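Residues per chain are reported as follows:
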Amino acid sequence: MTELKHTPLNATHRALNARMVDFGGWDMPVNYGSQIDEHQAVRGDAGMFDVSHMCVVDFTGARARAFFEYAIANNVGKLQTPGRALYSCLLNEHGGVIDDLIVYFFSDDFFRVVVNAGTAEKDIAWFNRLNAEHGFGLAITPRRDFAIVAVQGPNARAKVWQVLPSARDATEPLKPFNAAQVSVPPYGDLTIARTGYTGEDGFEIIVPAAQVAPFWQALQAAGVRPCGLGARDTLRLEAGMNLYGQDMDEEVSPLDAGLAWTVDLASDRPFVGRDALERDGARQDFVGLILQKENGKAGGVLRAHQKVRTPHGEGEITSGTFSPSMQESIAFARVPKGVRVGDIVQVQIRDKALPASVVKLPFVRNGKVLAA
Amino acid sequence: MSNVPADLKYTEEHEWVRTEADGTVTVGITDHAQETLGDIVFLELPAVGKAITVGDAIGVVESVKAASDIYSPVSGEIVAVNEALVDTPDAVNQDAYASWLFKVKLGASASLDKLLDADGYQKLVG
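Chains as they are written, first to last, in my numbering: chain A, 7 to 378; chain B, 287 to 412.
If you're looking for bench data, these hints aren't it; they were derived computationally from the structure.
Just so you know, these numbers come straight off a predicted model, no measurement behind them.
Cβ atoms here follow ideal geometry from the backbone N, Cα and C, with glycine treated the same way.
One thing to keep in mind: the hints can contain errors.
[Stated by the list, open to error] To give an idea of the chain B side of the interface with chain A (calculated C-beta under 10 Å), a few residues:
no.: 1; residue: 322
no.: 2; residue: 325
no.: 3; residue: 350
[Stated by the list, open to error] With the C-beta cut set under 10 Å, the calculated list includes, among others, these residues of chain A facing chain B:
no.: 4; residue: 30
no.: 5; residue: 33
no.: 6; residue: 37
no.: 7; residue: 45
no.: 8; residue: 108
no.: 9; residue: 237
no.: 10; residue: 240
no.: 11; residue: 303
no.: 12; residue: 305
no.: 13; residue: 306
no.: 14; residue: 307
no.: 15; residue: 333
no.: 16; residue: 347
no.: 17; residue: 356
I would like the entire structure built from these sequences, with the hints used as guidance.
Following this line, the structure appears as structure tokens:
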């Protein structure tokens with residue numbers, strides 16, 4: 007057995023009595039007591055997550071833009087003003103998803119990417135291969151000297167400014183999916199991005215690893231509640247956001263995973279995986295499900311890999327959970343084409359087939375339940 | 287550290303078993319189990335009258351995180367289930383030992399000898 011990897015906040019989590027779990031080889035907090043209370047803190051106030059297991063990778067060189075135009079599926083042309091961020095899939099030649107990531111544009115010779123923890127090594131090898139095979143000549147540098155803290159919730163930005171008053175002027179005008187680089191003593195050079203994985207407002211903040219523990223403590227003193235990966239999962243599911251490895255992977259096309267909106271087939275830009283996507287098209291639909299109650303009671307909880315029976319054939323749940331905001335069980339499912347919003351489908355939970363309604367994603371956004 | 291009351295018996299599947307004055311046994315899940323599962327949101331309990339054998343999967347506890355089977359710790363017949371708990375499954379998180387799941391009338395050949403005592407269970411959960 008290999009030793010679990012630690013983020014720079016590991017001792018901080020343990021001092022807070024977090025329940026730690028092995029998350030893809032990382033020793034991470036799943037909760038600090040109640041996952042549901044942490045979830046509600048983010049929906050109603052402000053919570054923070056240690057996401058330092060994710061990896062910052064810097065790309066420098068004159069042909070950085072050309073590299074991303076070739077390497078990623080979303081429209082890099084949207085990255086025109088410094089600090090602009092873009093969510094994208096990284097595809098293989100077969101149109102399968104190697105990873106999903108956020109790429110930040112800072113200048114034509116400096117882009118920064120944040121990739122998932124479990125895929126980081128694979129991604130970096132892939133980036134290096136594309137860089138070498140096509141002669142882009144970039145320097146590609148994984149930055150394990152950084153930690154990342156996501157501060158999320160309706161009061162998240164205000165609480166960050168309490169801790170970083172001098173960063174307010176640079177970060178208050180940021181629109182969603184924009185970032186600023188700010189130097190704030192004693193924490194050092196920070197990248198503050200108005201992004202997140204919860205469906206709430208907030209920032210994701212890249213912090214020098216050596217300074218992240220005092221930064222976390224200052225946020226906590228400002229009333230930001232530490233939240234674990236458990237709440238992160240229920241929040242992202244309610245927000246209709248995919249999880250790599252569960253909702254899509256190298257065998258799944260982004261067009262079958264609800265990610266067609268991130269794939270730039272409108273321009274004539276060639277990118278890795280494009281030919282396969284155009285050849286195969288979308289073969290399945292990706293929908294939300296809400297488990298129906300009978301006599302006011304649900305008959306279980308929707309979970310990944312449960313089978314979904316529809317009049318058009320069989321589908322499968324990719325992610326499911328109990329939604330603390332809705333007090334119902336919700337899921338994402340990949341289903342045959344032809345299934346429509348409003349349809350009732352049957353989900354096999356243990357020995358029972360239970361009815362679920364098909365809804366449009368997301369379920370919840372900015373504290374409000376949208377799907378019913 | 288989990289709470290492991292000295293007067294109960296335990297299974298390796300993290301259930302507690304209490305012998306009542308009338309000879310029936312009451313079954314629940316341990317404090318360690320609720321802590322590991324996290325917020326509990328759904329319970330499926332066996333029907334009253336059901337005949338059960340040690341090791342049968344006879345119910346389900348689901349938390350926000352995961353589904354987990356409840357195994358029969360003894361052989362016999364279900365004589366009562368805690369229906370009120372089905373409506374407030376988070377009560378298990380508040381007090382696992384007050385939140386009983388079901389009661390069993392032991393079968394003629396049933397034995398509690400294989401169950402762990404508090405020391406044995408404490409060693410199991412560390």
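When the hints from earlier in the document are held up against this structure, which numbers fail?
4, 5, 8, 16
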